[in-house]
Each structure stands twice: as C-alpha cells, then as structure tokens.
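Q: Those protein sequence lines, which keep their order, are chains A and B. Just so you know, we're using our numbering here: the first sequence kicks off at 1 and counts up by one. Just so you know, we're using our numbering here: the second sequence kicks off at 1001 and counts up by one.
Derived by calculation from the structure, the hints in this document are not laboratory data. Quick caveat, the model's predicted, so the values are computed rather than measured. Incorrect hints may have been included.
[Said to hold, decoys possible] Derived BS3-like pairs (lysine-lysine); straight-line CA-CA distance at most 25 angstroms: (1) K1318(B) x K71(A); (2) K167(A) x K199(A); (3) K64(A) x K1240(B).
[Stated by the list, open to error] Have a look at the derived ranges for each label pair, beta carbon to beta carbon: (4) M104(A) x V1249(B): 22 to 28 angstroms; (5) R14(A) x D1428(B): 40 to 46 angstroms; (6) P55(A) x R1215(B): 36 to 42 angstroms; (7) R14(A) x G1218(B): 54 to 60 angstroms; (8) E1230(B) x V72(A): 32 to 38 angstroms; (9) D1428(B) x T151(A): 41 to 47 angstroms; (10) E1311(B) x G202(A): 56 to 62 angstroms; (11) V1249(B) x G70(A): 51 to 57 angstroms; (12) R185(A) x R1280(B): 57 to 63 angstroms; (13) L1373(B) x M104(A): 55 to 61 angstroms; (14) S142(A) x W1435(B): 39 to 45 angstroms; (15) E22(A) x T1247(B): 37 to 43 angstroms; (16) P1305(B) x P55(A): 32 to 38 angstroms.
[Claimed, not checked] Over the 12 angstroms line for every Cβ pair with chain A, so calculated as not near, a few chain B residues: (17) R1101; (18) R1133; (19) V1191; (20) N1251; (21) L1260; (22) V1262; (23) L1264; (24) L1316; (25) V1394; (26) V1401; (27) P1456.
Where a beta carbon is used, it is the ideal one built from N, C-alpha and C, also for glycine.
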Amino acid sequence: MRILIVEDDEALARQMRDSLVEAGYAVDHTADGEDGHFLGDTEPYDAVVLDLGLPVLDGHSILKRWRSDGKVMPVLILTARDGWTDKVEGLDAGADDYLTKPFMMEELLARLRALIRRAAGQASATLTIGPLTLDTRSGKVSVEGKAVKLTAQEFKLLAYMMHHQGKVISRTELTEHIYDQDFDRDSNTIEVFVNRIRKKLGIEIVHTVRGLGYQLDWQGEGAGARTA
Amino acid sequence: MLARLRHFFRTLTGRLLVSAFLWSAVALTVGGFVLSAAFRSYVLQDVDERLSVLLDTLVGSSEVGPDGVLRFNRPLVDERFATPYSGLYWQVSEEGAPPFRSRSLWDFELGNVHADRVFTLHIEEAPGPDGQRLRVAERDIILPEADRIFRYQVASDLGEVQAAIERFNQLLLQALGLIMGTLTAALVLQVAYGLRPLRTIGKSLADVRAGREARLPGDWPADLQPLAAEINALIDQNEKLVARARTHVGNLAHALKTPLAVILNEADADKSTRGATVGRAARDIKSHIDHHLKRARIAGGGSGPGLPVRERLDKLAKAIAAMHRHKDIEMNVDCAPALGFDGEREDFDEMLGNLMDNAGKWSEGKVSVSVRLVEKDLPRPMLEIRVEDDGPGVAEDQWPVLFERGRRLDEHVQGTGLGLAIVRDIVDMYGGTAWPEHATLGGLAIVLRLPGKLIPS
C-alpha cells in the first residue's frame, strides 16, 4: 500500500512518515501543494493524507482538481480547523475522511486502514481468503490460525494482493504500490518476493497468470493445502 | 414620589415640559398684570375725564350774586346729584363758611384732600359717605365777580368702576387659565412628538442588540442622523473588532495545533515517564484549545439575509453520511426551501453538525431532520428543528444531564463529550431553547427552537 503525505510541517510529516512506514506502507511525502497535486495526479496512491493549510496551492483546491480530473483514491484531510463548517467544506470538496490536529498516530493509522479497505471493497478489518487471514490492524498474517512471519516488503506485497483478491495484478502495479518513489525499482525482485511468500504460506493461493501478473485465489482444500 | 419627580425633571421630556411650563406661566402672569393695569387705568381715566367736565360745568354755571351768595344760574341735569348717596357728588366750599353741597351728599361733607390751595385740577381718592370710596376732583377757583376763593369738588363713587375692574380681572383670569391649560396640553403633545425619534432610536438600538436588526434604519430627522450614523459606525467597528479577535484566537489556536500534534506524537513514542508527563501536559493544552476555540467560534450574530437551512442541512447530511459510511445511514431532511436561520453559518453548522453526528453515531440506519416554522405571527418567527435517530435512545432520567459539559452517556461511542454542551451554548446565545424528546423513529430526538427568517424566493 502506497500513501502520499502532503504536509508542510516537516516534524509532523516525519512522524507520520515514520509511523506509516513502520506500519508497512510505502510513503511519499511533499511539503508543497503544487508538488502534492502533481504526485497525486501521476502516481497510483492507495490513499492520500492531505493537509489543508499548504503553501502555493491549498488542500481544498488540490482535492477539487483531483476529483474533477477523475482521481478516486481515498483522501484523508488533515486540518487544525475542526469546526463543522470546515468539515462540511472538506467532505464537500471530495474528501473521504477528516482528521483534526492534534491527533493520535493510532487514529491516523486506523482511519487510513479503513479508507483503503473501503476503497478496495473490503468490509472487515481482517482480510480472509481460504485459510489465509491478514489482520490489517495488527499486521499479522496467519494460515489456519498459525502465524506466518513475513518481511516488510513481503507483507506489503501480500497486503496489496489481499486487498485486491481475485483480481489479476501486474508486476508493474505491484511495484508501484509497494515502493515509494525514491526506491530503486526492479520488477524482477517482485518475482523473488512472490516465491518467498508462496514458500512461507505453504498453500496454493498465489497464482501466476502468464503474461499478465499474479492473482490471489483459493480453490479449496483439494488444491493442495494442508489440512489442520 | 419625590424621587420619581426628581427623576422626571432629569429626563429630556421633564426638562422641556418644566421649562416651557415655567416660561409660559411667567409670560401669562406678566401679561395678565399688564392687561389688568391697562384696563384699570383706562377706566379711571374715563372717570377722571367725566369728573373734570362736571367740575368745569359746575364752575361755569356758578356766580356770586350781589348779596355775596354763590348760586348756580342753571341746574345740574344729572339726577344722581339729587339722589342721596347716589355716588355722584359736588361740593363748593369757602373757608370759614358752611359748604354748599349737592343733595346727594345728604349729611356728609367732603373733606379737603389738599389742605393747601390748589388752583389746578387735582384728582385723588378719598373716603365718601356710606363707606364709599370716592374719586374726588378738586380745584380752587376765584370767581370773577368776587375776590373770594372757592374750593370746587366733584366726586364719584369708585364702587362701580371697581366692580367693572373686578369683572374684567375675573374674565382675564379665566381666559389666561384656559390659555395656560391649552398651552400645557400643546406642550405635552409637542414634546412627545418632538422627542419621538429619540424613543424610536432607543427601540431600534434595542432591536440591534437583541439581533432582530443588523443596523439602525436610515430614516432619521436631520439632527439625529449624525447620531444614528455614528452608532452604526460604532456597531461596524465593534463587529470588526470582534471578528478580528475571533480570527486571531482562531489563528493562534490553529497555529498551535500542528506543533502540538508533533509534541504529542513524540511524547507517545517516548515510553519513559518523561514522555508520559509531556503527553499528559500536551493533551491538557489540546483540551483547553478545543474548549476555548469552540466558544470563540460562536458568533451569535443575527439578521443578515438569513441562512438557507435546507441547503446547509443537505450538505451536513451528505458530510455526516460520508463520515458514518460504514453504517450506511439513510439521512432524511424535511425542510421547506424558504426557511432560513437568522444567524451565522458557522453556528448553525456547529449545532446541527453535532446533533446529526450524534444521531449518526447512535442510529441503526435512519436519521431524520425536520424543520418547521413556529410562532409565525410573532415579529420574530422561530424555527423548530428536530433531529432524531432510530438508535437505543436515552432514558428519561438521563435527560437532565444530556446537555452537561463533558457528559458522555456511553463511553464506547467515540466523541469529545463536548458536543451537546456546545449546542446548548450556541442555542442560548441566540435566545433559543433545546430539549430532548422520544423520537418517532424510536431513539432520541433533540429539538431546537431558533430564530428563523423567511427567505424570499
């Protein structure tokens, strides 16, 4: 899951970035509205944390431009103004949620998780497919109730696929969603990660769709899963 | 009574009335005296003229015969000289001899007013017979036939004249009294009419203060116009000051929030006791900021064009439905488009946002907001806004504490617990009322009564 933070306060931005990275997100940050707008317009983010009071281009305008350009990624507005008029204006401009400063990092993470899940059409905080479950709150993965230890990159990859289960996901899409923009990307590493995940899960759930990418799907116990 | 009187004299009406009354009373009194004196002197002059003519006639018709006795060569025609005590008398006297008198004097003898010789006509007052007060014309004459001095006197009773003067004075007093009465009534009317704009301006100011009007209306008498303009300018300035103060408070509070967020996050990340202490302090700061910011935001003004309620409710409903997206809440807004709220948009949003958000938190899927106009016939119509949900509701014994600060009836539903207290504060600011009821949907209904305004379509 890749997230854009547009916030001009460097300290707060660093804190959010650290927390989000720790929670397993790929994070891009910019302090400037114009830049933020460009990034949101060109990169495929899974969610945006947008501060309203920004230099150059304010948050409302950015949001309105994105929405009128047909960008539908969930946007969480961050603002010091907590009056209902401000909230209504923000949500009216196309925001999906609203968080007022100061806030708890847990609150931010919870809101983002909910936004991403909703955008992917998932209702529950625990994503399940067959015997595989991923708790988005704790970041724990288990198969048949047994915990599976994944590295940060592996977790990012699996989380993205679980949010979009059943869908065929290309390597490029995976790359775009698990790395931030500064990362030296190499789509070949995706294959390495997928293989490691397959091995760690030990069940036939990550399928390769030739020439297109990968698909997360559970055919049932007959497909070679271990029974408890 | 005395205090009230003193208070009355301190009012403009009192001052004007009392001074005008005193002035008219003095003018009328002086006028009365002058008129009375003029009449008296006119009447007396008339009497004196008649006496002088009579004296001349008396002198002209008298002669001293060869026997040295004074007699009249033709009779004096007036009957009154022959009637005793008739009020018209003559007497001719010579020193050392009994006086020669008119019959009317009967047994009375006119005394000499002047002891010395007076060869010119003198007219004085003197006592007469039967207690009469006489006007006496007196002159010493030396008749050509004899080298003797005779004192001629002609007198007339002043009784009639006095009565005439009295009657005139009576009439004058009545007339002046009537004039004074009419004048006083006219004065009261004049003062009431003249000072009416002052009372009106007072009422208009009260309307402004109560929020029924935004400014003093423009149509005043020329001498009040500058005052009205100054008052309006003062209100403008006051509003600007308040707005600036609110903006400053808001800016300060908002500027503090971002660094506060940083401090809070650092403190939370630091698991030592120092981190906990800093975190607690920062959270205290946050609650103070929230508390005062919310109150500073209450504007409480009124009488702009009126805020279109329907439009605001639709926006709020959309926003709140979005915030409770996971519950899929059906928001029903029932409000005629012409209904307006006589107040600030921020205040309206704050009240209804809190109420609808609460309803959203508790509801099982249905929230309804209905607005209607009550007390239409009063000069100030009121809006009745009902926000209800189909949630579990609140037991009636809890209702009295619903609007208390920091109260949250269920700690599991997230919220600051400040919402309803803020709603009550804003409602109070607008002179409205708020109370809970059982909702027809099954849960809790909060009803607000707020100043309304019809928006012309």
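Q: Which of the stated hints cannot be reconciled with the structure, identified by number in ascending sequence?
A: 3, 8, 9, 11, 12, 13, 14, 20, 21, 22, 23, 24
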